[in-house]
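These protein sequence lines are chains A and B, in that order.
Residues in the first sequence are numbered consecutively from 91, following our numbering.
Residues in the second sequence are numbered consecutively from 91, following our numbering.
None of these hints come from the bench; they were simulated from the model.
Take the hints with a grain of salt, since some may be wrong.
Copies of the same chain look alike in the list, so a pair counts if it works inside one copy or between any two.
EDC-like cross-link-like pairs, simulated, lysine to aspartate or glutamate; straight-line CA separation at most 16 Å [claimed, not checked]:
1. K164 / E127
2. K132 / E240
3. K330 / E122
4. K103 / D176
5. K222 / E240
6. K222 / D242
7. K215 / E277
8. K302 / D186
9. K130 / E240
10. K222 / E131
11. K175 / E187
12. K235 / E163
13. K330 / E157
14. K103 / D216
2 protein chains.
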Amino acid sequence: MRNLKVTIQYNGKNYCGWQKQPDSLGIQGTIENAIYEITKEKIKITGSGRTDAGVHALGQVANFKLESKIPTEKLPNALNAKLPKDISIIDCIEVDEEFHSRYSAKRKRYRYLIYNSSYRNPIYKDMSYHVKYDLDLKKMCEEAKSLIGEHDFKGFMSSGSSVNDTIRTIYDITLQKQDNLIILEVEGNGFLYNMVRIIVGTLVDIGRGRIKESLKNIIDSKERGMCGHTAPAHGLFLKKVDY
Amino acid sequence: MRNLKVTIQYNGKNYCGWQKQPDSLGIQGTIENAIYEITKEKIKITGSGRTDAGVHALGQVANFKLESKIPTEKLPNALNAKLPKDISIIDCIEVDEEFHSRYSAKRKRYRYLIYNSSYRNPIYKDMSYHVKYDLDLKKMCEEAKSLIGEHDFKGFMSSGSSVNDTIRTIYDITLQKQDNLIILEVEGNGFLYNMVRIIVGTLVDIGRGRIKESLKNIIDSKERGMCGHTAPAHGLFLKKVDY
């Protein structure tokens with residue numbers, strides 16, 4: 091039985107998220123159904139992690155075990171023909187039996203789009219967070235540097251998570267402006283529940299002057315109440331997963 | 091009676107185009123209705139030009155005469171509150187009585203997005219032209235230079251247009267690649283019906299080797315049959331209009 095690794099792009103707008111829900115297929119279930127249509131095999135695919143409702147992916151990774159001998163290079167087009175247009179399989183390779191898209195992941199990179207203008211933008215409306223207030227981008231870039239390195243990010247986790255070890259390493263964070271769009275990218279060895287969205291919300295609150303505390307002190311406090319708001323899901327993209 | 095000039099962004103996906111149709115409001119009618127809701131004035135707005143079904147705008151311009159004394163700086167937010175989220179008014183100023191958004195236009199700039207990859211992209215699906223074939227971008231850039239200057243673009247016009255003077259001046263054309271996205275921008279003193287889409291289709295056909303003729307010879311031929319296909323509407327954005 092082959093172990094196949096696929097790379098997936100999706101527009102999360104019309105989905106309840108990666109995971110199946112009692113009344114909704116999710117991205118995962120939609121792909122499992124497409125695999126069934128082609129191979130008649132009822133398999134379970136494992137994602138590198140769940141994404142919430144509305145979150146998009148440019149490079150989500152999943153793996154699954156398959157009996158079918160369909161060549162890996164034919165699988166993306168075969169699946170895309172069965173999938174709705176807001177999901178696209180962009181790569182498929184055979185991997186070792188031990189490969190697990192979640193446990194084997196070494197690094198993840200997320201992108202977050204902020205549309206910063208007095209007026210909403212109808213082109214980016216489902217893929218960016220509209221912030222009306224003036225943002226001090228230079229300050230946001232400077233403060234963001236405090237995230238780099240290994241820290242206890244306990245404060246940057248939404249309640250309800252059962253994770254005990256809240257220490258994570260951030261390798262890189264960049265903020266770039268293109269016209270009214272601020273493109274934030276952050277890469278780390280792993281992220282707590284809603285961590286990227288709380289990082290973004292905190293940087294936005296710093297950028298508009300609502301939070302005066304330094305990001306270093308906020309991290310050190312380990313208190314959710316010291317951080318900013320949770321930025322909305324629809325600005326978030328899982329960009330890539332490294333193994 | 092004031093003459094007001096507004097700048098408009100829209101996502102053309104769910105519209106029959108700028109212009110009203112017997113069974114559909116279009117962008118124009120939708121904005122006219124929003125103005126009526128606020129001012130109770132039944133006015134007609136004049137666009138810088140029509141955009142076809144599916145075409146988007148980052149900076150469409152329109153003007154209209156209004157009795158209402160509502161301050162220009164309040165009008166965008168007032169209208170946006172009444173408009174659907176795929177239309178946004180991003181600027182409003184008072185202009186001379188003589189200003190006409192179509193006749194006074196001096197230059198227009200369009201953007202066209204090509205998504206060039208073997209696999210479709212679910213994020214850009216309604217705002218880019220998916221081209222699966224390898225494109226020789228360097229060749230496309232070189233050939234595109236032949237468009238610069240004043241030419242008779244008769245061949246670059248869809249049939250059915252009643253325009254007699256087919257001479258236009260192109261000031262600038264650029265093609266840039268960002269990951270799999272090719273961003274084409276073209277600026278001119280005016281464009282014939284479907285001219286930008288035929289320019290894009292011809293450059294794509296040159297880029298994939300289906301057209302061997304030089305773009306200079308194609309322009310000189312003045313024959314629609316020498317040009318390439320008409321690229322789809324949903325990759326096209328009216329970026330700005332200069333007066």
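Hints, verified against the model:
With identical chains, the CA atoms of K164 and E127 are at most 16 Å apart within one copy only, with a shortest distance of 15 Å there and 54 Å across copies. In this assembly of identical chains, K132 and E240 lie within 16 Å of each other by CA distance neither inside one copy nor across copies; the values are 41 Å within and 62 Å between. Proximity of K330 to E122 under the C-alpha cut-off of 16 Å is found in neither arrangement, the shortest distances being 21 Å within a copy and 44 Å between copies. Proximity of K103 to D176 under the C-alpha cut-off of 16 Å is found in both arrangements, the shortest distances being 9 Å within a copy and 15 Å between copies.
For a Cα distance limit of 16 Å, the shortest separation of K222 from E240 qualifies neither inside one copy, at 33 Å, nor across copies, at 42 Å. Within a single copy, K222 and D242 get their C-alpha atoms no closer than 31 Å, and across copies no closer than 45 Å, so neither meets the 16 Å cut-off. In this homomeric assembly, K215 and E277 never come within 16 Å of each other (Cα to Cα): the closest approach is 25 Å inside a single copy and 26 Å across copies. With identical chains, the CA atoms of K302 and D186 are never at most 16 Å apart, being 49 Å at best within one copy and 46 Å at best between copies.
Taking the shortest Cα distances, K130 and E240 never come within 16 Å of each other, neither inside one copy (45 Å) nor across copies (60 Å). For the identical chains of this complex, K222 and E131 are neighbours neither inside a copy (49 Å) nor across copies (29 Å), given an alpha-carbon limit of 16 Å. Taking the closest pair of Cα atoms, K175 and E187 never come within 16 Å of each other, the shortest separation being 30 Å inside a single copy and 48 Å across copies. For the identical chains of this complex, K235 and E163 are neighbours neither inside a copy (41 Å) nor across copies (38 Å), given an alpha-carbon limit of 16 Å.
When the C-alpha separation of K330 and E157 is checked against a cutoff of 16 Å, the pair qualifies neither within a copy, at 27 Å, nor between copies, at 54 Å. Taking the shortest Cα distances, K103 and D216 sit within 16 Å of each other both inside one copy (7 Å) and across copies (13 Å).
Violated hints for the displayed structure, listed by number in ascending order: 2, 3, 5, 6, 7, 8, 9, 10, 11, 12 and 13.
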